[in-house]
Amino acid sequence: MAQLTEASFSAGLARGLLLLQKCASCGSVQKGVRARCAQCGSRTMEPYEASRNGTVYARTRIFRAPSAAFRSIVPYDLCLVDLAEGARIMGHCAPEVEVGDKVTARIATIADENLLFFEKAMGPGAVAPGGEEA
Amino acid sequence: MSASYLVGVGNTAFGRKEGSSALSLMEESSFAAIGDAGLEPGDIDGLLCGYATTMPHLMLSDVFAERMGLELSLSLTLQLGGATGAAMIALADDLIRSGRSRNILVVAGENRLTGQSRDQSIQTLAQVGDPVFEVPTGASVPAYYSLMASRYMYETGLREGDLAALCVLMRNHAARHPDAHLKEPIALADVLDSKPIATPLKLLDCCPISDGSVAFVVSGEPGGRGVRIAGSGQAHRHQHISAMKDVRETGAGHAAKAALKAAGLDLKAMDYLGIYDSFSITLAMLLEEIGVAPVGQSGAFAREGQFAQGGPTPVNLHGGLLSFGHSGVAGGMAHVAEAVRQLQGKALDRQSGQPQTALIHGDGGVMSAHVSLVLVRDR
Ligand SMILES: [Zn+2]
Numbered sequence: 001m002a003q004l005t006e007a008s009f010s011a012g013l014a015r016g017l018l019l020l021q022k023c024a025s026c027g028s029v030q031k032g033v034r035a036r037c038a039q040c041g042s043r044t045m046e047p048y049e050a051s052r053n054g055t056v057y058a059r060t061r062i063f064r065a066p067s068a069a070f071r072s073i074v075p076y077d078l079c080l081v082d083l084a085e086g087a088r089i090m091g092h093c094a095p096e097v098e099v100g101d102k103v104t105a106r107i108a109t110i111a112d113e114n115l116l117f118f119e120k121a122m123g124p125g126a127v128a129p130g131g132e133e134a
Numbered sequence: 001m002s003a004s005y006l007v008g009v010g011n012t013a014f015g016r017k018e019g020s021s022a023l024s025l026m027e028e029s030s031f032a033a034i035g036d037a038g039l040e041p042g043d044i045d046g047l048l049c050g051y052a053t054t055m056p057h058l059m060l061s062d063v064f065a066e067r068m069g070l071e072l073s074l075s076l077t078l079q080l081g082g083a084t085g086a087a088m089i090a091l092a093d094d095l096i097r098s099g100r101s102r103n104i105l106v107v108a109g110e111n112r113l114t115g116q117s118r119d120q121s122i123q124t125l126a127q128v129g130d131p132v133f134e135v136p137t138g139a140s141v142p143a144y145y146s147l148m149a150s151r152y153m154y155e156t157g158l159r160e161g162d163l164a165a166l167c168v169l170m171r172n173h174a175a176r177h178p179d180a181h182l183k184e185p186i187a188l189a190d191v192l193d194s195k196p197i198a199t200p201l202k203l204l205d206c207c208p209i210s211d212g213s214v215a216f217v218v219s220g221e222p223g224g225r226g227v228r229i230a231g232s233g234q235a236h237r238h239q240h241i242s243a244m245k246d247v248r249e250t251g252a253g254h255a256a257k258a259a260l261k262a263a264g265l266d267l268k269a270m271d272y273l274g275i276y277d278s279f280s281i282t283l284a285m286l287l288e289e290i291g292v293a294p295v296g297q298s299g300a301f302a303r304e305g306q307f308a309q310g311g312p313t314p315v316n317l318h319g320g321l322l323s324f325g326h327s328g329v330a331g332g333m334a335h336v337a338e339a340v341r342q343l344q345g346k347a348l349d350r351q352s353g354q355p356q357t358a359l360i361h362g363d364g365g366v367m368s369a370h371v372s373l374v375l376v377r378d379r
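Chains as they are written, first to last, in this note's numbering: chain A, 1 to 134; chain B, 1 to 379.
Quick caveat, the hints were computed from the structure, so don't treat them as lab data.
Any given hint could turn out to be false.
Okay, derived cross-link-like pairs now, BS3-like style, lysine-lysine, Cα gap no bigger than 30 Å in a straight line [as the list claims (entries may be wrong)]:
(1) B:K257 - B:K268
(2) B:K195 - A:K120
(3) B:K261 - B:K346
(4) A:K120 - A:K102
(5) B:K268 - B:K245
(6) B:K268 - A:K102
(7) A:K120 - B:K245
(8) B:K183 - B:K346
(9) B:K245 - B:K257
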């Protein structure tokens with residue numbers, strides 16, 4: 001499979017998949033499109049479908065949006081989540097989600113974008129990867 | 001040259017300047033700086049110019065040099081977000097000491113307030129986020145800093161009231177500067193009750209958008225009142241908040257240590273501090289990571305008067321970005337301008353004792369680019 005690109009990440013979300021980059025040498029999952037593994041420096045990466053389960057690292061409720069599309073849905077909640085695999089990723093979240101919560105994401109269409117939407121995890125049987133449509 | 005010196009300082013007033021342009025503002029501050037240095041435009045042989053979002057030209061430094069009638073042997077435009085000003089001064093220091101240039105004009109300015117709509121400005125700035133992983137979520141610069149704040153407060157126990165204390169302090173300082181954008185006094189309750197932007201940050205936790213410009217002349221000759229650039233240090237560990245490793249170790253502490261080491265001085269020996277404050281949380285995190293205040297204690301220190309005029313380590317006596325104003329690169333350069341004036345004893349109503357040393361810290365992006373400077377007034 002080809003290397004992950006910015007375009008394939010977005011295309012993945014459109015198909016209901018959270019596609020990230022995984023280092024073929026040490027297995028660490030990257031926080032974006034990287035030319036070298038942030039852990040070991042290897043240049044060999046492979047596409048990886050991430051679990052969408054993780055822990056909330058940070059969260060905020062936005063009252064002032066940067067564009068007309070998002071202005072129509074204020075307030076909305078943004079979060080940074082440390083995925084179980086280690087990568088940190090930005091998404092929307094449910095109002096009740098707090099820092100430190102275990103969460104799981106579905107892919108939702110918000111303000112015309114395909115975005116991760118994190119909710120509190122219901123327990124061990126969290127949503128399986130690829131289980132939901134955009 | 002064994003050393004370089006800030007020999008001239010100039011600035012425009014910050015705020016709403018109808019009819020101004022990036023170039024007209026840069027012109028005003030540059031003539032003021034060259035005059036303050038006791039030099040003529042013909043004495044300038046190098047130019048370092050900060051980017052302007054209202055004038056995204058391919059080669060701004062040469063456009064400006066042409067307007068000013070400067071013939072140069074060195075001309076560069078730099079882009080490093082809020083760290084640009086400190087980075088230009090650090091580079092000027094290297095260029096002077098290497099013998100590459102004699103007198104370098106360092107300038108930035110833009111009509112960020114009147115030259116574009118507020119929405120345009122917010123959208124332009126949001127692009128410091130990752131275009132694929134962050135910007136599409138509807139995040140903005142306040143959102144990135146708010147996410148960081150939520151984590152920092154979770155880890156350290158810093159509270160919204162602590163952040164508000166820093167905002168009140170900056171406003172008190174700006175009230176004594178005739179060129180400041182926001183001078184009307186505010187109380188803690190005003191900050192806490194101001195409208196929410198992105199929790200935990202409220203309107204008064206965020207700096208205003210201003211028109212304005214600041215310029216310096218850096219020279220190998222100290223002249224009568226030159227302030228020596230005694231050391232600089234940098235750290236660049238990430239660009240995007242998603243890639244920030246540790247909210248308590250962003251690189252600010254490393255940059256400050258490197259600058260102090262280069263100057264052969266200790267943090268405790270710093271008489272004056274000019275610390276970047278795009279948001280209240282920026283100032284709190286930088287003060288704490290650099291080690292000026294213990295983790296979680298910057299607000300308490302502010303309430304106790306540590307950072308005020310006459311206090312042991314005054315911070316941003318011009319009012320900082322939070323109240324003096326933010327006109328892009330020049331906003332961060334205003335911290336340096338105030339430090340130089342304090343060291344020269346020329347800060348008028350704002351003068352705080354007779355400081356001999358100052359630490360400057362600029363931060364660009366989302367705590368992404370860090371540049372520290374140590375300035376010394378030799379007596
Ligand atoms: Zn690796």
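Each hint, compared with the structure:
Taken as a hint, the K257 (chain B) and K268 (chain B) pair is honoured in the structure, with Cα atoms around 12 Å apart against an allowance of 30 Å. Restraint check: the Cα-Cα separation between K195 (chain B) and K120 (chain A) comes to about 28 Å, which is no more than 30 Å; the hinted pair holds. In summary, the hint linking K261 (chain B) to K346 (chain B) is supported, as the alpha carbons are separated by about 28 Å, within the 30 Å threshold. About 6 Å separates the Cα atoms of K120 (chain A) and K102 (chain A), which keeps this hinted pair within 30 Å; it holds.
The straight-line distance between the Cα atoms of K268 (chain B) and K245 (chain B) is roughly 28 Å, inside the 30 Å bound, and the hint therefore holds. For the hint pairing K268 (chain B) with K102 (chain A), the CA-to-CA distance comes to about 42 Å; that exceeds 30 Å, so the pair is violated. At most 30 Å may separate the alpha-carbon atoms for a hinted pair to count; K120 (chain A) and K245 (chain B) meet this at roughly 24 Å. At roughly 20 Å between alpha-carbon atoms, K183 (chain B) and K346 (chain B) fall within 30 Å of each other, so this suggested pair holds.
A threshold of 30 Å between alpha carbons decides the hint, and for K245 (chain B) with K257 (chain B) the separation of about 19 Å falls inside it, so the pair holds.
Against the hints set out earlier in the document, a violation occurs for number 6 only.
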